[in-house]
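With these hints in hand, go ahead and build the complete structure from the sequences.
Quick note, the sequences are listed as chains S and V, same order.
Position in the first sequence counted from 1, then plus 819, gives you the numbering used here.
Position in the second sequence counted from 1, then plus 36, gives you the numbering used here.
Keep in mind that the hints were calculated from the coordinates and are not lab data.
Just so you know, these numbers come straight off a predicted model, no measurement behind them.
The beta carbon of each residue, even a glycine, is placed where N, CA and C say it ideally should be.
Among the clues, some could well be false.
Unchecked claim - Okay, derived cross-link-like pairs now, DSS-like style, lysine-lysine, Cα gap no bigger than 25 Å in a straight line:
1. V:Lys115 x V:Lys254
2. V:Lys124 x S:Lys908
3. V:Lys260 x V:Lys403
4. V:Lys115 x S:Lys869
5. V:Lys444 x V:Lys426
6. V:Lys500 x V:Lys449
7. S:Lys911 x V:Lys254
8. V:Lys54 x V:Lys329
9. V:Lys254 x V:Lys211
10. V:Lys420 x V:Lys498
11. V:Lys211 x V:Lys260
12. V:Lys347 x V:Lys380
13. V:Lys420 x V:Lys380
14. V:Lys512 x V:Lys498
15. V:Lys260 x V:Lys392
16. V:Lys89 x V:Lys329
17. V:Lys500 x V:Lys444
18. S:Lys911 x V:Lys124
19. S:Lys911 x V:Lys115
20. S:Lys908 x V:Lys115
21. S:Lys911 x V:Lys165
22. V:Lys165 x S:Lys908
23. V:Lys430 x V:Lys444
What the hints assert, rightly or not - Where chain S lies over chain V, by a calculated footprint (3+ residues, C-beta under 8 Å):
24. 179-193
25. 308-318
Spelled out, the chains give:
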Amino acid sequence: MKVTKEDIANVAVLSRLSVSEAEADKYMGQMDKILTYMDNLSQLDTESVKPTTYALPMQNVFREDVVRESLDREAALANAPLREDGYFKVPKVLEG
Amino acid sequence: MKYETVIGLEIHCELKTKTKIFCGCETGFGAEHNTHVCPVCLGLPGVLPTVNKRVVEFAIKAGLATNCEINQYCKFDRKNYYYPDLPKNWQTSQYDLPIAEHGWVDIDVEGEKKRIRLTRIHMEEDAGKLVHSGTNIKDSASSNVDYNRTGVPLLEIVSEPDMSSALEARTYMEKIKAIMEYIDVSNCRMEEGNLRADVNVSLRPAGSTELGTRTEMKNINSFKSLEDAINYEIERQTEVLEDGGEIIQETRTWDPERGITLSMRSKENAHDYRYMPEPDLPPIVTSPETIEKFRSELPELPDARRARLEKDFGLSDYDAGIITSSRAMAEYYDAVVATGADAKLAANWMMGDLLKNLNAEAIDISKSPVEAERLGEMIRLIEKGTISSKIGKKVFAEMWTCPDAPAKIVEDKGLVQITDTGAIEAIVDQVIADNPKPVEQYKAGKKKAIGALVGQVMKQSKGKANPQMVNELLAKKLDS
Chain S
820 MKVTKEDIAN
830 VAVLSRLSVS
840 EAEADKYMGQ
850 MDKILTYMDN
860 LSQLDTESVK
870 PTTYALPMQN
880 VFREDVVRES
890 LDREAALANA
900 PLREDGYFKV
910 PKVLEG
Chain V
37 MKYETVIGLE
47 IHCELKTKTK
57 IFCGCETGFG
67 AEHNTHVCPV
77 CLGLPGVLPT
87 VNKRVVEFAI
97 KAGLATNCEI
107 NQYCKFDRKN
117 YYYPDLPKNW
127 QTSQYDLPIA
137 EHGWVDIDVE
147 GEKKRIRLTR
157 IHMEEDAGKL
167 VHSGTNIKDS
177 ASSNVDYNRT
187 GVPLLEIVSE
197 PDMSSALEAR
207 TYMEKIKAIM
217 EYIDVSNCRM
227 EEGNLRADVN
237 VSLRPAGSTE
247 LGTRTEMKNI
257 NSFKSLEDAI
267 NYEIERQTEV
277 LEDGGEIIQE
287 TRTWDPERGI
297 TLSMRSKENA
307 HDYRYMPEPD
317 LPPIVTSPET
327 IEKFRSELPE
337 LPDARRARLE
347 KDFGLSDYDA
357 GIITSSRAMA
367 EYYDAVVATG
377 ADAKLAANWM
387 MGDLLKNLNA
397 EAIDISKSPV
407 EAERLGEMIR
417 LIEKGTISSK
427 IGKKVFAEMW
437 TCPDAPAKIV
447 EDKGLVQITD
457 TGAIEAIVDQ
467 VIADNPKPVE
477 QYKAGKKKAI
487 GALVGQVMKQ
497 SKGKANPQMV
507 NELLAKKLDS
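Following this line, the structure appears as structure tokens:
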């Protein structure tokens, strides 16, 4: 196995997901398969191939520095689960 | 054991574009909260960001002005972390292909020139602002978020760990600020958070080439805090090491009120950012011609301007360094000289009375009560002999509190220098008659005694007699 239970736990924390014991076993197997497939790909000789950083044949898509109308504050807050005095209200977040 | 300090800075500099980096929302400071937001900067699903062309231009100019190589191919990446000031849950930044790399700037610290290398400059978006409700942070059960600042373009300017004291770090940051102001890509208002630094500090045994374990202090937004935080951290780390302890690699927060740094005790794996190429933004490819065009548009930079002031006007290296240390100062100087005032006198007055008064009252030169034009006019009055330098100081003090033109002040206060020989002669005769003792001493060969007599004449004339004429007249009468 390339993936350990600790890896699953760590990825879950980073992704803010709660993963049950049974799910962890299932994902471990799935991720292991993905990584094994990656290993297969690694066997290809890519010495002369430039790394791909973008999949489409596009570059330099810009906009001019011109102001466009912003959302009305009511509209901006419309989907907020909680709000207060025109702010998005969130649970207290304090490190440390 | 003796330790040496190693310091590196990551400076965040907000660019002065009209709109955000990936959407058309305004960037202005101080707007009503959550009014400069749109689906793109709020990170709503299904939106497509588009790069603001000016941001790329400003970033390339910043790179060129700091002697960087510009990467002709660069791209954006997603830096993943969860914090409510970041609605997308990732910050769009640049990882392995930033816009500029391998630069340097020179700084002067106590007369020594030192080169500080830049690792890289990259473009990214700023985050929103958390506003804590309740009487203080600890009491409140929730935070409020204002997303106006989310998506405001930032440059992150990363230095190599080339600084070895708080003063060097400050001087380096002042230099970066000056350059960004000169090339006009940022307002650099530190009190508005336009310019802030994350500072890394570590110690190592003197002479060692290996780096010690570092700590990082984030979002330092004044030069004073930068110096204080570094000096505190040097002291703290020295104590830990001398007690046989180990430095823990961590983020610490600077508390300016208590003057100490505190551990944030954040979980280390929280800093696994899992960068990935940003699939919504095509790469940016810049031709050598475009880079050269931007280079040709750069104004004269601080170092070049300093050299020019020394060469053209004969200013001292020190004076030229101070005058060119900020764009506002350099422009003030130019405006004084533009009135026709002597360039060297202009420098002397700026370095003297002007800076002394500005510093004493903590006023920025751009808000100086004595404007460049009036200082220039006053210097011209001295050059013309209308007033002496000594009276100039009085006129300057007067101008500091009143908006009148210097010529008017001189006239109203009756400060015009007496150059009328008859008038001065009368005072000289009186002083000779009233002061037999120095007169005798002078005649007996003690030439220095003339000083006391000159002083008396100046006093009687209330400082208005032309000192040179007083000297000449006195000598003539005493020697005859």
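Discussion item. Could you work out which of the previously given hints the structure breaks and list their numbers from low to high?
Written reply: none
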